[in-house]
Amino acid sequence: MRNTLAIAWRELRTYFASPLAYVVIGVFVLLSGYIFWASLVRFSDLCLRYGNNPYVFNQLNVNDMVIRPLFGSIGVIFLLMLPAVSMRLLAEERRTGTAELLFTCPVTTLQIVLGKYLGAGLLLIVMLAITFVYPLLILTKVSPDMGPALVGYAGVLLLGLTILAIGLFVSSLTENQIVAAVGAFGVNLLLWAIAWAAEAAESYTLAGLINSATAGLWEKVGGGTGGPTLGDLLTRLSITEHLQDFRKGLIDTEHVVFFVTAIVFALFLTQRVLDSRRWR
Amino acid sequence: MIEVNGLTKLYGVRAAVADVTFAVRKGEVLGFLGPNGAGKTTTMRILTGFVPASSGRARVAGFDVQDDPIEVKRRIGYLPEHPPLYDEMTVRPYLEFVATIRGVPRREVKAKVDRGLERCGLTAVQGRLIALLSKGYQQRVGLAQAILHEPDVLILDEPTVGLDPSQIREIRQLIRSFGGDHTVILSTHILAEVAVTCQRVLIINEGRIAAEGTPEGLASRGERTRRIEIRLARPDGAADGLASLPGVLRVDRGEGAEKTLVIETDASRDLREEIAVRAVGQNWGLLEMRTLTPSLEDIFIRIIRGETV
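Protein chains in written order, with the working numbering: chain A, 1 to 280; chain B, 1001 to 1309.
Just chain B, same shape as in the assembly (with noise of 0.2 Å):
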């Protein structure tokens, strides 16, 4: 649906953008993940024809993003940074106005907004101006600019930013039910926002793709080893006992919570079992046991210190 090859936005020497390629198919949730200023909103502003490429090509559906930008354009639903709202208008003309000029047949506006509106949970807030709504609001109707003309591609900016936590797992639950049907790339500095929403990450870092992959490939990807948790009644001696076990390579105090060990194993092998085992068979009173999976943060500030994975 989307094909990005060697796409490279120069502001003066400075490249925003350089040389990033990439693929989205149809239907498939990408997220962009970046700290600020990564060029994640140089590259949506190029696939949106906001702005031209320096170099390289985009093609959305087919259509080139600089040979044909109105047909491009069509198929597109485009959040912003910042939601592009007119303050002295009212939500429901506002969403008329953009449904008319994003080419929504005339007999349709009315049932598409209506829809829009439903979708955003905006019906109650149709009659309100917009300048008055709070921000959540006015990032709802931002996105219900976005979605209401059905696009084939949506495209957003950072979608959560400035939303309680509440709003923030509706606008989620919105976003993945586009998924499927629609291809959405989104973008965020929020690592938990792309394990939730995203089917597929790229890190982009400085301009360039950092990292490309699933959440759960991203973030077990380079662990050599496997960390263990355990939590026990009575922990005295236990810390030698486990480290004795074949397979083991460290035993620690776990952070926090008194009475908690984190084993640390080689990670071609599960000794779950044998911790169980042995911990029972010493009585040390076992209460809990997890997995530590590392934390998408912790691979995140790894890829952009430029340390390998």
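The following block holds chain A by itself, in its conformation from the complex (with noise of 0.2 Å):
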């Protein structure tokens, strides 16, 4: 725990130390917060002119409006700039020869990989905090539905702590960090359009498809052809998919299971990654 611990500060250290962590929080920070405050301008637009009319007026609602389209928005943005924070955790140790310190400190790689995590995830931490500010913000004049919002975070913090998970095990497979980055990008956006052909795909069951493939065999041995479609698999394949419910307010566990196990899976390839150099 305590070497876990070293490791994730000096992490941390290391990104408030080089230029990355200001720039990523800089440009992060101004364009969800040019987002946000092109839906409040939007929703206060809306407002002003259906003030007299109670029935568009009743329709409109902050959550809706403001609130939800922001963490769409925060989870495009991590997307695009999560690989950006994960790139460097191990690449960068395997080019300078730190490596050499970390795998011959009392150590297991497991402690390495959680550290590295948990430092890039408390960064991840800091990005989300200061986006507190907007629904505080709204907190002033008009009084939001906090409960969705703060599930809102949950969701796009678990969305981040995967994708994060994702570049951490990329970036154990390289020395390179650019490869290391769009190694991640590319992981990432294909999670993210794999749901983009699931419409076409709902024709297909998946219990069909085997049977297609073994020839027939799959029927003959009494397995069904209905239950769920390749398009149904797609579609819970898709990490922002599962980000939709969240958004709302509401906490499925299926959503949470699906980050959950997406992380744990990532981290656990990467620890295999680091130990395999053990028995090359």
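If you are wondering where the hints come from, they were derived from the structure by calculation, not from laboratory data.
Be aware that a few hints might be false.
[What the hints assert, rightly or not] Think about it this way: if two alpha-carbon atoms lie no more than 20 Å apart in a straight line, the pair counts; the simulated SDA-like pairs of lysine to any residue are:
1) A:LYS141 - A:GLN59
2) B:LYS1110 - A:LEU5
3) B:LYS1112 - A:ARG2
4) B:LYS1112 - A:ALA6
5) B:LYS1135 - B:HIS1082
6) B:LYS1110 - A:GLN59
Bring the two chains, given one by one in their own frames, into a single complex with the hints.
Now the structure itself:
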């Protein structure tokens, strides 16, 4: 535990000793702030315009029109920006030779992985914490429902942590930071876009696909051809699809399990990559 | 303290280390000597648990490197060939970080770091950014991170590379001061270094141990003749006069300075007294006499060329 914290703390210091943390936080706050401001202006404009039309006015909701879109935007910004945070985590250690220090100290590879991950995760939390002024700002004028807002924060935090875990894994595979960033981008964008084919894949059931792959054997041994479709699978794999319910203020264990599983799996793979050094 | 048995490391089909066996006693300072690419670094990396051996065993303080890596790493201080420094950190926090992950108890971290800074002469630069330190200071920071938890075993891969002569001297003194309490293995391709710092030398070439012994033992090994250099004020006729002494094999003109002669004699006999007596008796004007010991360089070159010594 102490080793993990020491590695995490050193990692966080490094972020703030280099321009990286400031650039990432600055750009992130600028983008999310602009998007927040834009939806807030649109919301207040609509309120003004329909102020004397009680039917429409009652439909206007600050949660739906300002806070919920904000989390969607933050999710997209994370997909594009967090690879820059995760790229150096392990790649840089290998390039500069400091990996030789870490791997010859009495620390386990799991402690190294968790320490690195925690360090990046803390930066993510700092980024998100700054954006918390947005709902607080609204709170001074109107009273949004803070419950769904907090759930939304939990959702983007889980999304960000998942992206970081994937980025950490990719970073363990190379000693080139650019390769690590592009690789993480690729995986993230694929996980984002994977659901786009879902509609077209609605007509294929998974069992049906297995059946044709085994030349009808599946059906003969009693496997049905009904059940979930390929489209369902693709939707469930999409990283952004799992954010939708959080944005609405719903905590569904399905999505929590998805994110947590993805994180644990990515960290496990990273640990295996680091350990493979010992049997190669 | 360290036992290595039949250690082999293959990279593809090439053996970086081939069937290396040696042992180091507690408190001993052992030097790995060999040309670049001889397998020194690989052997050290196996001992520190950074890379696994393909076959063979290595034990440090009774713990197997492959089976108990954490226990081994607890007892080792390691300075790799390129000091593993985080450029964006300042010296003190860097050493505190290393002390923590090397398992120094929280209460002792400050004291141990202070002592490490002092021993390596870094107290004045403890607040400086590592990236901005000179190569010599960076090397010292590297050494400080290796010694600050006071390990039983210190493994130093070319510890004096990139230092200026006075720094080299300081570092060598520091390394010597570790012998006795700590076991030290250091690698180098500089021969003078082993002669000064090590009690025992392993000459490694192409992954194999080519020779082993004390620096003096290696230097004197295989010398069938003894060479004495004398300087005379009036050397006319001296060469012939000395050649007639029993036991003298050859008399040559010395290199460099005029009026010097190099006398090669049978290794079993010490003819210095006879030479002196004759020189005085013939009134050649004896100014200087010294025994020429073959340099470690000569031995080293001969060993790695595969000549028998």
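Hey, LYS1112 (chain B) versus ARG2 (chain A), does the alpha-carbon distance stay inside 20 Å?
Satisfied, since the Cα-Cα distance of roughly 18 Å is no more than 20 Å.
If you draw a straight line from the CA of LYS141 (chain A) to the CA of GLN59 (chain A), is it 20 Å or shorter?
holds, 18 Å
Given the proposed pairing of LYS1110 (chain B) with LEU5 (chain A), does the C-alpha separation stay at or below 20 Å?
holds, 18 Å
For LYS1135 (chain B) and HIS1082 (chain B), compute the direct alpha-carbon distance and say whether it is at most 20 Å.
holds, 11 Å
Given pair status - ALA6 (chain A), LYS1112 (chain B), alpha carbons within 20 Å:
holds, 17 Å
Satisfaction of hint between GLN59 (chain A) and LYS1110 (chain B), Cα-Cα up to 20 Å
Between LYS1110 (chain B) and GLN59 (chain A) the Cα gap is close to 62 Å, so the pair fails against 20 Å, i.e. violated.
When each numbered hint is compared with the structure, a violation occurs for hint 6 only.
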